[in-house]
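Asks: The residues making up each chain are set out below.
Number of protein chains: 2
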Amino acid sequence: MNVIENSPFTKKLSAFATLSEDELAVLERLHQRRRTFAAGSDLVHQGQPEQAAYILAAGWACSYKIQQEGTRQIVDFQIPGDFLGLRSVLLRTSDHSIEPIVEIEAAEVLADDLLEVFASTPRLAAAILWAASRDEAMVVEHLVGLGRRDADARMAHFLLELGARLALVGMGSKAGYTCPLTQYHLADALGLTAVHVNRVLRQLREAGLVTFRDGQVTFDNFDRLVALAEFDPGYLDQAGPILK
Amino acid sequence: MNVIENSPFTKKLSAFATLSEDELAVLERLHQRRRTFAAGSDLVHQGQPEQAAYILAAGWACSYKIQQEGTRQIVDFQIPGDFLGLRSVLLRTSDHSIEPIVEIEAAEVLADDLLEVFASTPRLAAAILWAASRDEAMVVEHLVGLGRRDADARMAHFLLELGARLALVGMGSKAGYTCPLTQYHLADALGLTAVHVNRVLRQLREAGLVTFRDGQVTFDNFDRLVALAEFDPGYLDQAGPILK
Chain A
1 MNVIENSPFT KKLSAFATLS EDELAVLERL HQRRRTFAAG SDLVHQGQPE QAAYILAAGW
61 ACSYKIQQEG TRQIVDFQIP GDFLGLRSVL LRTSDHSIEP IVEIEAAEVL ADDLLEVFAS
121 TPRLAAAILW AASRDEAMVV EHLVGLGRRD ADARMAHFLL ELGARLALVG MGSKAGYTCP
181 LTQYHLADAL GLTAVHVNRV LRQLREAGLV TFRDGQVTFD NFDRLVALAE FDPGYLDQAG
241 PILK
Chain B
1 MNVIENSPFT KKLSAFATLS EDELAVLERL HQRRRTFAAG SDLVHQGQPE QAAYILAAGW
61 ACSYKIQQEG TRQIVDFQIP GDFLGLRSVL LRTSDHSIEP IVEIEAAEVL ADDLLEVFAS
121 TPRLAAAILW AASRDEAMVV EHLVGLGRRD ADARMAHFLL ELGARLALVG MGSKAGYTCP
181 LTQYHLADAL GLTAVHVNRV LRQLREAGLV TFRDGQVTFD NFDRLVALAE FDPGYLDQAG
241 PILK
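First to last, the protein sequences are chains A and B.
Position 189 of the first sequence, counted from 1, bears residue number 189 in full-length UniProt numbering, the numbering being contiguous throughout.
Position 125 of the second sequence, counted from 1, bears residue number 125 in full-length UniProt numbering, the numbering being contiguous throughout.
Be a bit skeptical, because a hint or two may be false.
Identical copies go unnamed one by one, so any copy, or any two together, can satisfy a pair.
[What the hints assert, rightly or not] No farther apart than 16 Å at their CA atoms in a straight line, the calculated lysine to aspartate or glutamate pairs in the EDC-like style are these:
id, residue 1, residue 2
1, K11, D214
2, K65, E230
3, K11, E69
4, K65, E23
5, K174, E105
6, K174, D220
7, K174, D232
8, K65, D232
9, K174, D112
10, K174, E108
11, K11, D112
12, K65, D42
13, K11, E206
By construction, these hints were calculated from the structure, which means they are not laboratory data.
The structure displayed is predicted, hence computed values, not measured ones.
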């Protein structure tokens, strides 16, 4: 039971519900079909029927959609403890693709596994709906970012959100975090060109707010960055368990 | 039981699961606390704690976020059969506001009601997670629209999506639908100015594709509009029940 208690997924769900021994045992079973996937090849394709969902145990991934003319919009990045493809496991076909950014380790979860969890442990079902709600709240923030934030605030908000999410699973702090994303990932997520991403990152660094260099994000002035981004982490709902 | 069988909410969930008498009875109980809300005053405020969710029985609403400098981004519109605020009922505070666009009738659903449904009818729980997944898939489409579609395609996609959603609950067809939205609603949803919305609607009308006038959307050439928008309704997952 020790392994599952320390898994990022358990750490994350524990922000919503204090989990019992029985519930941890169900989580343990959900983690049985572990698989490794190489960077760069899709786990799930847009339009794929009967796809599985995955719980990400190690590594980073991204979910994206391709338009017919070939442009890519990254919807979100997934870090350890996140579901991959939870949104579409109940839909007939996946509405998006999922690609590992580095080599990842993930446990396969089929729709039937989920229905069994729902039938046997309603508190876990609620915790999974909570995680789905939180994922959606993030997508909504990204929508607001694209619609209403300028490039500087959008980048600042993005780096702060990632930091808060990583902190929840023990992989980041107010000092910063390790980050495998390239400027192309940032461009496709933020609706910017790679050149524009470079310029924005340079401006934020020169203003003494944040440095993203050699796979490391360093918050040089956390509070001023929060002010620039108008970052309010309430939508991430990380303040401790609601269900005791 | 007759009323609940014909409710838009039941029609919508029936696209995911064929519901039993017992499950319909649980839905009936969820509809007990019916309330009426006037147009224009928020049901739920961004940042509000312990908010309820609602099932919309009649009328239209919108969910939105306000930025600190006062600009508004509409995240989505809700039509009969949709949840209002499902995303944040499990979160500590609501991450968005909800405003009725016309007078609405809605049934209040508390987090405890949801947990009870989860404990007693796992198939309904799965159906509610399906509805939440579908809502998120729509927000993702809007994100792609803002990030990667030009104004014409964005508007066309938006009008087609609304039409497909309304058709599912018996309120629209390939001919068109009744629509209470103003150009200001469209502007705040699509990240355009009201002037730009006007111009885009005129272009689509003059091209013989779609007419939006006097509260009525008329598809003048449905297939060409679909082609312009690259509209693929797969993400709406409306093709009939998965759970029999």
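Asks: None of the hints should be skipped; say for each whether it holds.
Replies: Status of the hints after comparison with the structure:
no. : hint        : result
1   : K11 x D214  : neither (28 Å within a copy, 53 Å between copies)
2   : K65 x E230  : between (27 Å within a copy, 13 Å between copies)
3   : K11 x E69   : neither (40 Å within a copy, 35 Å between copies)
4   : K65 x E23   : neither (34 Å within a copy, 35 Å between copies)
5   : K174 x E105 : neither (27 Å within a copy, 45 Å between copies)
6   : K174 x D220 : within (9 Å within a copy, 55 Å between copies)
7   : K174 x D232 : within (14 Å within a copy, 42 Å between copies)
8   : K65 x D232  : between (27 Å within a copy, 12 Å between copies)
9   : K174 x D112 : neither (39 Å within a copy, 35 Å between copies)
10  : K174 x E108 : neither (32 Å within a copy, 39 Å between copies)
11  : K11 x D112  : neither (24 Å within a copy, 24 Å between copies)
12  : K65 x D42   : within (12 Å within a copy, 33 Å between copies)
13  : K11 x E206  : neither (36 Å within a copy, 56 Å between copies)
Violated hints, in rising order: 1, 3, 4, 5, 9, 10, 11, 13; the structure is consistent with all others.
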